[in-house]
Amino acid sequence: MYSSVGVINDERSAALVQWSWRGLMVLAAVVLLALYSFDVYEVIIIILTAISLALMGQNWPAFRHHIVTVTVFSLFAIWTYGQDLSLGESNFFLNYVLASQSAFMWMSVLFFMATVTYFAGLLMRSTFTEKVASALTWSAATMGMVGLMVRWRESHLMGPDIGYIPVSNLYEVFILFAVMTAIIYLFYERRYQIRSLGGFVLLVISAAVVFQLWYSISKGAHQIQPLVPALQSYWMKIHVPANFVGYGTFAMAAMIGVAYLLKSWQQNTNPQGLLATVLPDFAVMDDLMYKTIALGFAFFTLATILGALWAAEAWGGYWSWDPKETWALIVWLNYAAWLHMRMTKGWNGNPMAWWAIIGLFVTLFAFLGVNMFLSGLHSYGGL
Amino acid sequence: MPDNSNSSTRHHTLGQRLFLFLGSMDLAVTLFVALAIASIIGTVLQQNQPYTDYLIKFGPFWFDVFESAGLYDVYSALWFLAILTLLVISTSVCVIRNTPSMLKDMRNLRTHVQSKSLRAMHHQKQWSVDTDEQKSADNLEAALSNLGFRVKQTPKEGEVLVSAMRGGMNRLGYIFTHLAIVVICVGGLIDGNLPLKFAEWQGKIKIETRDLPTSEIPEISRLPVGNHAFRGSVSIPEGRSSSVVFLAMRDGYLLQNLPFTVEVKEFRVAYYTTGQPKLFETDLVIHDDELQAPFEATIAVNHPLFYKGYAIYQASFSDGGSFLTLEAWPLDKEAGKEPVIFETKVFENRKMLWGEQSLRLEVTSFRLFNINPDPTDEDPDRLRNFGPSFSYKLRKNTGEALEYQNYMLPVERNGREYYLSGVRASPAEDFGYLYLPVDIDGGLTHFSHFLQRLQNENIVNEIAHAMMLGTLAEINNQDKELEQSLQETLTLLVATFVKGGFTSINTFIETTLPEAERKRLGPAYLGMLREMLSRIYVGGSLYQYEVGDPEKNTEIQQEELLFFQDAVDAIASLARYGSPVYLYMSDYEHVEASGLQITYAPGKAIVYIGCAFLIMGIFLLFYLPQRRFWAIVKANGSGTEVLLAGMSNRNPREFDLFFKQTAEHLEAVTGNSKAK
Ligand code: HEM
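Chains S and L supply the protein sequences, listed in that same order.
Quick note on our numbering: the first sequence kicks off at 16 and runs consecutively.
Quick note on our numbering: the second sequence kicks off at 7 and runs consecutively.
If you are wondering where the hints come from, they were derived from the structure by calculation, not from laboratory data.
Small disclaimer: the values here were computed from a predicted structure and weren't measured.
Where a beta carbon is used, it is the ideal one built from N, C-alpha and C, also for glycine.
Incorrect hints may appear among the rest.
What the hints assert, rightly or not - In the DSSO-like style, the derived pairs of lysine-lysine whose C-alpha atoms are separated by at most 30 Å in a straight line are:
(1) L:Lys284 / L:Lys402
(2) L:Lys122 / L:Lys110
(3) S:Lys360 / L:Lys486
(4) S:Lys234 / L:Lys284
(5) L:Lys486 / L:Lys525
(6) L:Lys284 / S:Lys252
(7) L:Lys158 / L:Lys640
(8) L:Lys63 / L:Lys212
(9) L:Lys357 / L:Lys505
(10) L:Lys284 / S:Lys360
(11) S:Lys146 / L:Lys640
(12) L:Lys141 / L:Lys640
(13) L:Lys339 / L:Lys314
(14) L:Lys203 / L:Lys351
(15) S:Lys252 / S:Lys234
Said to hold, decoys possible - Label-pair ranges, simulated between beta-carbon atoms:
(16) S:Thr292 / L:His128: 21 to 31 Å
(17) S:Ser233 / L:His128: 37 to 47 Å
(18) S:Met387 / L:Ser324: 23 to 33 Å
(19) S:Ser233 / L:Phe508: 50 to 60 Å
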């Protein structure tokens, strides 16, 4: 049996694991659907989530562990909370580990540690250290995801009419961004054995975490606030995560671009230097840049279209040239141009690496700058 | 797919060259960038604002320049649409040019390859088996078929070519993606306002810029029910209905008729316990001659009503002409009289005769809830309930107007309560506030009474006289002239203060006292004024003291002292307040208007179809690599030689692995392999 990826060691036990994993996801979805009542959109979202988790996990053991750990931790936290939100401060586990704020703190610390460890591994050329860094990254992503799940529950505990999915304000999407980017990176890390790029990608994540901490400390942004009517929509649940797959991959592509340029610079100055020898081959990085941008482009297209469908419902038109929408279009055009130059003109190497980095700034503006400097209908993220 | 548009351009005719240019990648990428940059303009410069705002912001010269460049509505400016159209054309040309070869490539198994070209490929493998030629070829065909390949055998001289391909749909991905762009843009253009612009250019319609009642809007600014797209809005008060919407166009609007009538029964806002709004919804009734009976529907933000292809959205809300009962408390010479009670409505514009003054009262808005930070408090997080509020303008005959905002509930500061009234001369300013102290009876009577006494010349003269005598007696003065002048000064001080507050007193001191004496006598003047005010106040105090409860009386006295201070401060700022009356809202009946956005977008379905194709196309393009295998099977002595080669148009690294594994698998199934 061949998968299109083709990395299979022990076919029989692998098949067993795969089928149990798929079965588990089906079971989880069925239990969820049987226990609670959902509207039709939520049912669709749950089914799609189960399918995508089943697909992502079937050849990816670490991801399976991640999902299981997130589920166990989150359920434990939810069970500990019961109906009493105040336990978040009095219960030992919640207060120090699992309440969303604590989980996010753990996530932040672990991401910082992972960044440092990746670079240490790079400097010492130590595969073991880099593996530790991967483990740290996984733990950080896990704590971030647990935090989001628990926050979801916390918002419901605040009041039955307040509960909402925690991808609804700038603070929450920053955490989503960190977690998404980490998981996307870990996916490629395993596939391409590119641990030496870890530190670079983790640098963007750490920057996001720093911003998130600042935002929370100086502006109290972590407080759960009820949703304004315009954001109460099931579209939120798919539009935002789809967007962040895009942002995450674009960020990763840019950081590979940085590594690429550094290597290319050192190759010219000192071919035996650390970066020139430790970083992956040019061809690998070039290919990865293409792959991440392609993945991001696909999801960004999806997200923008979902956004248009939502806008048709909420604002009365699928396209209003609202600043956020317009910047999404600009980001999209930018990467469309990038892909064309690569696919049809065969551009590669340094110019494309530079362009990927510029792309990150364009993306950053669409993501943050619009909220900070421009006004419009996407009101959730005023700073 | 390499772009070969510039190969041998010289031999093409002009038409062909234009065609090649339009479909060229250079043009496409240029257009991407141009579109992106043009889009930025519209996000930096806020679009579709009132033209006067732009005029103020840019000044007349740049206002005109920007207007003629269409910058206030970039996305429907002709040059912007031209870029978009060019992109559509370019993409279409590209699709037309590439589709035939793509379709061919999708099906073509390439049966003409030679072993030489296979050997030149990056991915290739060679082995021998002892099975015969045909059997080996059949085995290969079966194995590749099992892997999902389309396979074909082509017998050649002394050998058999097995060609296989998987993922031919990848090429369909290209067609879908690019066709989708064209479809989406066409749908978008249908829903844009190009047809309206065209009609305007032809002179068939004219944008109305005046603020007219609906019935007076001329025919040329009205659009009949038709098939053109529009996005309009209308504000309908509760209990009223409308069968038109307004389309905002540059600095004016057009009126669009609807084939039905929308009635607003009720508009509601629900709040979270924290006070933030949770829900905006409207109960609508749709009246349509084609319906047997009107039907009701409730819309809310995110939950529009779709009817006959029209979509009705909850967009905003505003006042629908609330009824207000107002008390006019005189602040001028009339002070002390009973307030005049009258009724008015939000948006009503009425004449108000006040003494000799004739003013226009324009009530501009009413707000039911004001849980706001106190605008004059240092701590912006402290929220207070100001009660309902209303805003109005008082316009003088000269056309000048001051804008006021009054709150119904008194606001507490430092343990004292005040009625707050904000005033400003233009919307660009912040409100300045008048604090009217609430008296012990919970109203404004004491204040009004004090104000009345201050304006009463007899009382002021009397008190000035007594004070003058008292003061002069202390210094044993016998000079009549001094008596006269002191009495005059005292009355003048009070009158000046009532008229212009402490600012006028300062001016008075500066103009009447010589520079040398100002330092010494200035404070004395202020002291005299204070003493006068306090005497005037005390003489008319309405506070009730109890006999035989000294503790209680001290308390009341304390309070009265504070009240007096506040009253003096309030009177000091009356000059700046600029109104002869204070309007207190004693009752109201809230009427709301629901702001609806009604749209008609016949292109929407087209756009959505385009979007579906775009998604499919992109995923096919990226994630369904086209993979080809060829095997040349050739008898060689007792056994058979197999030469396998492969290529893919995406994901080269994954193909490395795939080729390796597939080749091993194929080697295993072709027959008994002879180690080589
Ligand atoms: C807004 C308009 C357009 C969009 C969104 C778009 C999108 C795309 C995407 C996503 C790809 C796939 C790139 C990849 O595989 O990495 C692609 C490929 C391509 N595009 Fe476009 N495109 C547009 C306009 C055009 C135009 C105007 C042309 C013609 C000059 C063109 C020619 C091509 C060609 C030749 C390919 C390569 C197909 C292949 O070999 O796989 N595109 N386009």
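Going through the hints against the structure:
1. L:Lys284 / L:Lys402: With Cα atoms ~41 Å apart, Lys284 of chain L and Lys402 of chain L exceed 30 Å; violated.
2. L:Lys122 / L:Lys110: 24 Å, holds
3. S:Lys360 / L:Lys486: 107 Å, violated
4. S:Lys234 / L:Lys284: Within the cut-off at roughly 23 Å; holds.
5. L:Lys486 / L:Lys525: With a Cα-Cα distance of about 26 Å, the restraint between Lys486 of chain L and Lys525 of chain L holds, given a limit of 30 Å.
6. L:Lys284 / S:Lys252: 19 Å, holds
7. L:Lys158 / L:Lys640: Since the Cα atoms of Lys158 of chain L and Lys640 of chain L sit roughly 16 Å apart, the hinted pair holds (cutoff 30 Å).
8. L:Lys63 / L:Lys212: 27 Å, holds
9. L:Lys357 / L:Lys505: Satisfied, since the Cα-Cα distance of roughly 25 Å is no more than 30 Å.
10. L:Lys284 / S:Lys360: 52 Å, violated
11. S:Lys146 / L:Lys640: 49 Å, violated
12. L:Lys141 / L:Lys640: 11 Å, holds
13. L:Lys339 / L:Lys314: 63 Å, violated
14. L:Lys203 / L:Lys351: Distance ~39 Å between Lys203 of chain L and Lys351 of chain L Cα, so the pair is violated.
15. S:Lys252 / S:Lys234: OK: Lys252 of chain S and Lys234 of chain S at ~25 Å, within 30 Å.
16. S:Thr292 / L:His128: 21 to 31 Å: 26 Å, holds
17. S:Ser233 / L:His128: 37 to 47 Å: Since the Cβ atoms of Ser233 of chain S and His128 of chain L sit about 55 Å apart, the hinted range of 37 to 47 Å is violated.
18. S:Met387 / L:Ser324: 23 to 33 Å: 29 Å, holds
19. S:Ser233 / L:Phe508: 50 to 60 Å: 41 Å, violated
Checked against the numbered hints above, the structure violates hints 1, 3, 10, 11, 13, 14, 17 and 19; every other hint is satisfied.
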